[in-house]
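Undergrad: Whenever a hint applies, use it, and build me the whole structure from the sequences.
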Amino acid sequence: MIVAALILGTLLAVALRAEAGRGFGASDWAALRFTLTQATLSAVLSVGLAIGLSRALARRRFWGRSALIALLGAPFILPVIVAILGLLTVFGRAGWISQILMIFGLDPLQIYGLHGVVLAHVFFNLPLATRLILQGWQEIPAERFRLAAQVNAGPGAIWQLLEAPMLRRVVPGALAVVFAICLSSFAVALTLGGGPRATTLELAIYQAFRFDFDLGRAALLSAVQLGLTGIAGFVALRVSDKDGVGAGLDRVLRRWDGETPLARCIDLAWIGFAALFLILPLSAVVVSGLSGLVLLGASVWVAALTSVLVAGLSTVLLLSLALPMAAAVAMGRSTLIEVAGILGLAASPLVIGTGLFIVIYPVADPFELALPVTALVNAVMALPFALRILVPRAREVMLRYGRLSLSLDMAGTPFLWRVFLPRMRAQIGFAAGLAAALSMGDLGVITLFADPEVATLPLQVYRLMGAYQMEAAAGAALVLLILSMGAFWILDRGGRWHAEA
Amino acid sequence: MKYSVFAAAILSASAAYAETPELTVYTYDSFVSDWGPGPAVEKAFEAQCGCDLKLIGAGDGAALLARVKLEGARSQADVVLGLDTNLTAAAAATGLFAEHGVQAEYSLPVSWEDAYFAPYDWGYFAFVHNADAVSVPTDFKALGASDVKIVIQDPRSSTPGLGLLMWVKAAYGDEAPAIWADLADNVVTVTKGWSEAYGLFLEGEADMVLSYTTSPAYHLIAEEDGSKAAAAFAEGHYLQVEVAGIMAASDQPELAKDFMNFMVSEEFQSIIPTTNWMYPAVTPSAGLPEGFETLITPAKSLLLSADEAAALRDGALGEWLDALSQ
Chain A
15 MIVAALILGT
25 LLAVALRAEA
35 GRGFGASDWA
45 ALRFTLTQAT
55 LSAVLSVGLA
65 IGLSRALARR
75 RFWGRSALIA
85 LLGAPFILPV
95 IVAILGLLTV
105 FGRAGWISQI
115 LMIFGLDPLQ
125 IYGLHGVVLA
135 HVFFNLPLAT
145 RLILQGWQEI
155 PAERFRLAAQ
165 VNAGPGAIWQ
175 LLEAPMLRRV
185 VPGALAVVFA
195 ICLSSFAVAL
205 TLGGGPRATT
215 LELAIYQAFR
225 FDFDLGRAAL
235 LSAVQLGLTG
245 IAGFVALRVS
255 DKDGVGAGLD
265 RVLRRWDGET
275 PLARCIDLAW
285 IGFAALFLIL
295 PLSAVVVSGL
305 SGLVLLGASV
315 WVAALTSVLV
325 AGLSTVLLLS
335 LALPMAAAVA
345 MGRSTLIEVA
355 GILGLAASPL
365 VIGTGLFIVI
375 YPVADPFELA
385 LPVTALVNAV
395 MALPFALRIL
405 VPRAREVMLR
415 YGRLSLSLDM
425 AGTPFLWRVF
435 LPRMRAQIGF
445 AAGLAAALSM
455 GDLGVITLFA
465 DPEVATLPLQ
475 VYRLMGAYQM
485 EAAAGAALVL
495 LILSMGAFWI
505 LDRGGRWHAE
515 A
Chain B
15 MKYSVFAAAI
25 LSASAAYAET
35 PELTVYTYDS
45 FVSDWGPGPA
55 VEKAFEAQCG
65 CDLKLIGAGD
75 GAALLARVKL
85 EGARSQADVV
95 LGLDTNLTAA
105 AAATGLFAEH
115 GVQAEYSLPV
125 SWEDAYFAPY
135 DWGYFAFVHN
145 ADAVSVPTDF
155 KALGASDVKI
165 VIQDPRSSTP
175 GLGLLMWVKA
185 AYGDEAPAIW
195 ADLADNVVTV
205 TKGWSEAYGL
215 FLEGEADMVL
225 SYTTSPAYHL
235 IAEEDGSKAA
245 AAFAEGHYLQ
255 VEVAGIMAAS
265 DQPELAKDFM
275 NFMVSEEFQS
285 IIPTTNWMYP
295 AVTPSAGLPE
305 GFETLITPAK
315 SLLLSADEAA
325 ALRDGALGEW
335 LDALSQ
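In order, the protein sequence lines correspond to chains A and B. All residue numbers for the first sequence refer to my numbering, where the first residue is 15 and numbers rise by one. All residue numbers for the second sequence refer to my numbering, where the first residue is 15 and numbers rise by one.
Keep in mind that a hint or two might mislead.
[Said to hold, decoys possible] Subject to a maximum C-alpha distance of 20 Å in a straight line, what follows is the list of computed EDC-like cross-link-like pairs (lysine to aspartate or glutamate):
#1 B:K83 <-> A:D226
#2 B:K314 <-> B:D153
#3 B:K68 <-> A:D226
#4 B:K68 <-> A:D465
#5 B:K83 <-> A:E467
#6 B:K163 <-> A:E467
#7 B:K68 <-> A:E467
#8 B:K155 <-> B:E189
#9 B:K271 <-> B:E56
#10 B:K83 <-> B:E217
#11 B:K83 <-> A:D228
#12 B:K83 <-> A:D465
#13 B:K83 <-> A:D121
It is worth saying that the hints were derived from the structure and are not from the lab.
TA: Structural data, given as structure tokens:
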């Protein structure tokens, strides 16, 4: 398989190049410790808050609820750099909250460092964790709550009998997923870390690479990072095993236990807090971006075009990798391919980037290949998500139409074009939208390969921030936001167009 | 296939300029910014060379060297402008640079005999603060003991960051780790380059920023604002001499030499003080602009030789990383 070859090949290159050299110094241990600390904190906080939030969302029906839940999906395709700009506008030392604090004579907030990194990670992962746990809540059949109300079970008993067992089943998986995602945090640590104290392993790889040009050390760090993400990815897959809570009649859920004024207040507080926490930074980007739009120079538009091209190429690459894989899994040839899927979860962009650099360097100028390499790495990164979207539907299509098609002697290309692909349209659109948005917003491998004249839009935003042109950066971030969301929307819609029939 | 078509589409844009000779100069970001020396330098040199001068910002000074190492002989750079004496030994050791052959009457505080790198400006590192700040530390020990918040630059990517490392080392020698341990809790954030750090300071994210004794001149002259000052430190101030060198693999060696000679000429040198906000390497005949006389002059000037600095760098970097990653 190409994917496995790509990931394993680059790893091999990295491993061969990894040398004891300066060894694993005190600062590398500090990076390892920090990586683990921030990932643990981010996971515990995100999931902890998500429990409260998802409980509130599960208990309440209110106007805008579905909009809020849809909004919970937004941070996933939100370019990291855009979110960081938004968070800085709200939580920075000169941000909105600091200004309010100063009115009351309090010290402004200090965002750089561990808490800044964790804050950004919670911003990204609270919605994800909430969605995962909310799903758990919705899987508890409505009849159970009806029964609980009939036997007059109080909130304590409901918690003990219904909610706690469900959480015990769902929470470990959510924790592991968030932990695994935060392990390979790069852009957040790069912008909000604030120095050696808050260096993740990914960032240390970048520094070894770009600051010291020490490929051996970059490779050594990559090997450590790979071990970590590999273990975490494996654990995440393992603990997310499911066994159901039992079936119900899909009755409308009514929660008699949540109708006390106190419960209402608590739920309202949770939902209000979450909505503010998610919406404020986004609106900050829009508000400050609008005034920055007029300042945008040609370089931003060139970068925007570059990003669109990279995202397009990445999407095409992703689909040409993921569709055959999904089809193969659906036909039962799965083990090797699922392994490739796991690898995709475990591999970090910078590790693959480092590996590719080492491979390309002796034969060609890696900087000339910056954009195709970025597109390729982005495609591999999106692969695990795409497979999760495509595989269930592919299985269903095979199950329903496989035997009929065989009996009609319809196999190979005709089956693919007439049966398989048309029925996969919605999922293909969704996966493509996701891939395009992720690639559009990625600030990872491009930082290794970019030469000063080539930039994707996220990199250009980062450079503008570096040159302290905050207003122009905000404008460019708004363009990036529109492009990312737009690409997702168009592809996702395109997949569903006329698909109702 | 897809890759090559795609790459060709992106790259063809740069091929269109091939008719006029093109000189590519890698430099640091603040040099090429709209308010830096870049635009004026480009205009002045293009008026006399009949060429296209491409100034490319490639990060801060130390990242510049890493960049050149990364690209090796394949680099498109003809000239690299923006290294300093703490990096010249390491840069010369790469074998990527050629001798420059520039002769000039330098007005540097030190004598100059480097065959590979020629200086274009100089200044003293200093912490810049708001002039109305209540308590301003007067040495590193006082700074470490205070709760004054500072922004510094990463020595691996930035020449001021590396300069600070050498400053502490030159002033305190083996005591440097203890100084850094005390400073660690004063550091708000470590930025990749000078521009980010100075921007954060102006935005109010810190009380002091590592910059130059000449930085207040910018506010005074360009903004008629006397609210910024540089703190005089009792240990003395570390000297930075900024230099440029020609790439041995350059395809425009003659043009590169012309540029180096232009760099120490009256025209380039009179652009420097009020755009790069440093002392010119050759004082222009008109002297320094008005306002520069208000700047502090360090009682003592510190400078490690290029070889000393290169020998100390890795050890000092390790000490710094250890102290700040606690």
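Undergrad: Take the hints in turn and mark each one as holding or not.
TA: Checked hints:
Restraint check: the Cα-Cα separation between K83 (chain B) and D226 (chain A) comes to about 9 Å, which is no more than 20 Å; the hinted pair holds. For the given pair, K314 (chain B) sits about 13 Å from D153 (chain B) by alpha-carbon distance, which is consistent with the 20 Å threshold. Taking the CA atoms of K68 (chain B) and D226 (chain A), the gap is near 26 Å; set against the 20 Å cutoff, the hint is violated. Between the alpha carbons of K68 (chain B) and D465 (chain A) the distance comes to roughly 14 Å, so the proposed pair stays at or under 20 Å and holds.
Restraint check for K83 (chain B) and E467 (chain A): satisfied, since their Cα atoms lie roughly 17 Å apart, inside the 20 Å limit. Pair hint K163 (chain B) plus E467 (chain A) does not hold up; C-alpha atoms about 35 Å apart against a cutoff of 20 Å. Between the alpha carbons of K68 (chain B) and E467 (chain A) the distance comes to roughly 11 Å, so the proposed pair stays at or under 20 Å and holds. Proposed proximity of K155 (chain B) and E189 (chain B) is supported: the alpha carbons are some 11 Å apart, at most 20 Å.
Distance hint between K271 (chain B) and E56 (chain B) is fulfilled; the C-alpha atoms sit about 16 Å from each other, no more than 20 Å. Distance check on the hinted pair: K83 (chain B) and E217 (chain B) sit about 34 Å apart at the alpha-carbon level, beyond 20 Å; violated. Under the criterion of a C-alpha separation no larger than 20 Å, the hint pairing K83 (chain B) with D228 (chain A) is consistent with the structure, at around 10 Å. Using a Cα cut-off of 20 Å, the hinted pair K83 (chain B) and D465 (chain A) holds, with the two alpha carbons roughly 13 Å apart.
Restraint check for K83 (chain B) and D121 (chain A): the C-alpha separation of about 44 Å exceeds 20 Å, so the hint is violated.
Violated hints, listed in ascending order, are 3, 6, 10, 13; each of the other numbered hints is respected by the structure.
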